[in-house]
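**Student:** Since the structure of chain A is provided, determine the placement of chain B on it from the hints.
2 protein chains.
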Amino acid sequence: MPSQYKLTYFDLTGLGEPIRFLLHYGGINFVDQRITKDQWPNLKPSTPLGQLPILEVDGRVLYQSVAVARYVATQVGLTGKTDLENWEIDAAVDTVEDFRVKIAAWFFEANPAKKQQLKQALDNEVLPFLLTKLDTFANNNGGYLAANKLTWADLFFAAIVDFTTYIYGADFIAKYPNLVRVRSNVTSIPAIRAWIARRPKDNWY
Amino acid sequence: MPSQYKLTYFDLTGLGEPIRFLLHYGGINFVDQRITKDQWPNLKPSTPLGQLPILEVDGRVLYQSVAVARYVATQVGLTGKTDLENWEIDAAVDTVEDFRVKIAAWFFEANPAKKQQLKQALDNEVLPFLLTKLDTFANNNGGYLAANKLTWADLFFAAIVDFTTYIYGADFIAKYPNLVRVRSNVTSIPAIRAWIARRPKDNWY
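Sequence lines, in order, name chains A and B. Position one of the first sequence corresponds to residue 1 (my numbering), numbered consecutively onward. Position one of the second sequence corresponds to residue 1 (my numbering), numbered consecutively onward.
Errors might be hidden in some of the hints.
To be verified - In silico BS3-like links for lysine-lysine, alpha-carbon gap of 27 Å or less:
| id | chain 1 | residue 1 | chain 2 | residue 2 |
| --- | --- | --- | --- | --- |
| 1 | B | LYS201 | B | LYS6 |
| 2 | A | LYS119 | B | LYS119 |
| 3 | B | LYS81 | A | LYS133 |
| 4 | A | LYS133 | A | LYS81 |
| 5 | B | LYS201 | B | LYS102 |
| 6 | B | LYS81 | B | LYS133 |
| 7 | A | LYS81 | B | LYS81 |
| 8 | B | LYS119 | A | LYS115 |
| 9 | A | LYS114 | B | LYS102 |
Unchecked claim - What the simulated footprint calls covered on chain B by chain A, stretch by stretch (three residues with Cβ under 8 Å from a Cβ of chain A suffice, anywhere in the stretch; the number is not a length):
| id | region |
| --- | --- |
| 10 | 14-28 |
| 11 | 88-101 |
| 12 | 173-187 |
Hints listed in this document are in silico derivations from the structure and should not be mistaken for laboratory results. Every residue, glycine too, gets a C-beta built ideally from N, C-alpha and C.
Pulled out of the complex, with its shape left as it was, chain A reads as follows (with noise of 0.2 Å):
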């Protein structure tokens, strides 16, 4: 019998994104449970570490939403074949994860000196450095971010993309053209496509 999966996420592509990627990738059944910011107040105090996502594989538990990710990989297929390969794999991913953890500090900065601050470091520095590392890495791999193929690495990056574009407000990668090729290389493979045609649209902030 096949395994149950129930993802628990809030109402937004954000960090369950990547999850929902991989199991549509991967053809993956699952029950999309989405929280509304009502909801989420009795929710918290249930879930393993107070945090979303969580993904309930035959009832267990899992948490942590880039370990659950790399889980979910390994059942669809997107991991590497050798050590290496994972490395190089979880290093692009640890990488979407400093400019992804960077647009959020930006984004919840509460004080308007400091938001402006970091607004200016994202723009001038952060974003334009670790673009261009992470364009020289799809470009060395043919239009993938690691391994010279498709991995997880790849729908975690147009996951997160995804969701940074919308609470930026611009398509950050538009002047990467590696990046766009990753991107495109992901939302062109069907079953993504066809969940991204007929998902709910992103609407919490």
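**Tutor:** Below, chain B alone, put in the same frame as chain A:
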């Protein structure tokens, strides 16, 4: 012929120490290249992401410290037997990273008022919450963080606690008996104990 390893990091435990623990655990000979503050500006542009640590393996340069630690863990037999065990290990490591990042954010904050605010959040919220969670993991896994056995999550935890205790200035895990047990399970491994006894003392900050 065995692989040739060279770790390049600052003359400090920090993000290099989990990798050093793993290499020593595995009995892997490696060059422990320690960079001084004076040397770093010249070296930085030649590193893949402008960051240390990097680990050269037979001339290939690996970067992103957690990804490197996971890679070394695969070489020394400290990963899980199943995909779910590896998820559990990764989730524990990411939870250690969650508190490490918050301690670092406090430590490096330049604004005195903000720094005090971050310290209060650390002491009253972040550390009690995350350390209680990790202590529960350790209790459930017989003195290890995951998979009911020694894994790289434990070595990662012990090395990061070592470093963060140095910058925090107090043994903040002392009141969590299961975390003390995890640390002791790691530091009593002969190769790790011998390394700790002979390694350079942190004197960076």
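**Student:** A separate judgement is required for each hint: does it hold in the structure or not?
**Tutor:** Now the hints, each set against the structure:
Proposed proximity of LYS201 of chain B and LYS6 of chain B is supported: the alpha carbons are some 20 Å apart, at most 27 Å. This hinted pair checks out: LYS119 of chain A and LYS119 of chain B have alpha carbons roughly 24 Å apart, not beyond 27 Å. At most 27 Å may separate the alpha-carbon atoms for a hinted pair to count; LYS81 of chain B and LYS133 of chain A exceed this at roughly 34 Å. As the CA atoms of LYS133 of chain A and LYS81 of chain A are separated by approximately 23 Å, the hinted pair is consistent with the 27 Å bound.
Only pairs whose Cα atoms come within 27 Å are accepted, and LYS201 of chain B paired with LYS102 of chain B is accepted, the gap being roughly 23 Å. Distance hint between LYS81 of chain B and LYS133 of chain B is fulfilled; the C-alpha atoms sit about 23 Å from each other, no more than 27 Å. Proximity of LYS81 of chain A to LYS81 of chain B is assessed by CA-CA distance (about 17 Å); at most 27 Å being required, the pair is judged to hold. With a C-alpha separation of about 21 Å, the suggested pair LYS119 of chain B and LYS115 of chain A falls inside the 27 Å cut-off, and the hint holds.
A distance of roughly 18 Å separates the Cα atoms of LYS114 of chain A and LYS102 of chain B; the hinted pair therefore holds under the 27 Å criterion. Only residues whose C-beta sits within less than 8 Å of a C-beta in chain A count toward coverage, and the region 14-28 of chain B has 0 of them, not enough to reach three; the restraint is violated. Proximity of the region 88-101 of chain B to chain A, defined as three or more residues with a beta carbon under 8 Å from a beta carbon of that chain, is established by the 5 residues found. Check result for the region 173-187 of chain B against chain A: violated, 0 residues qualifying (beta carbon to beta carbon below 8 Å, three or more required).
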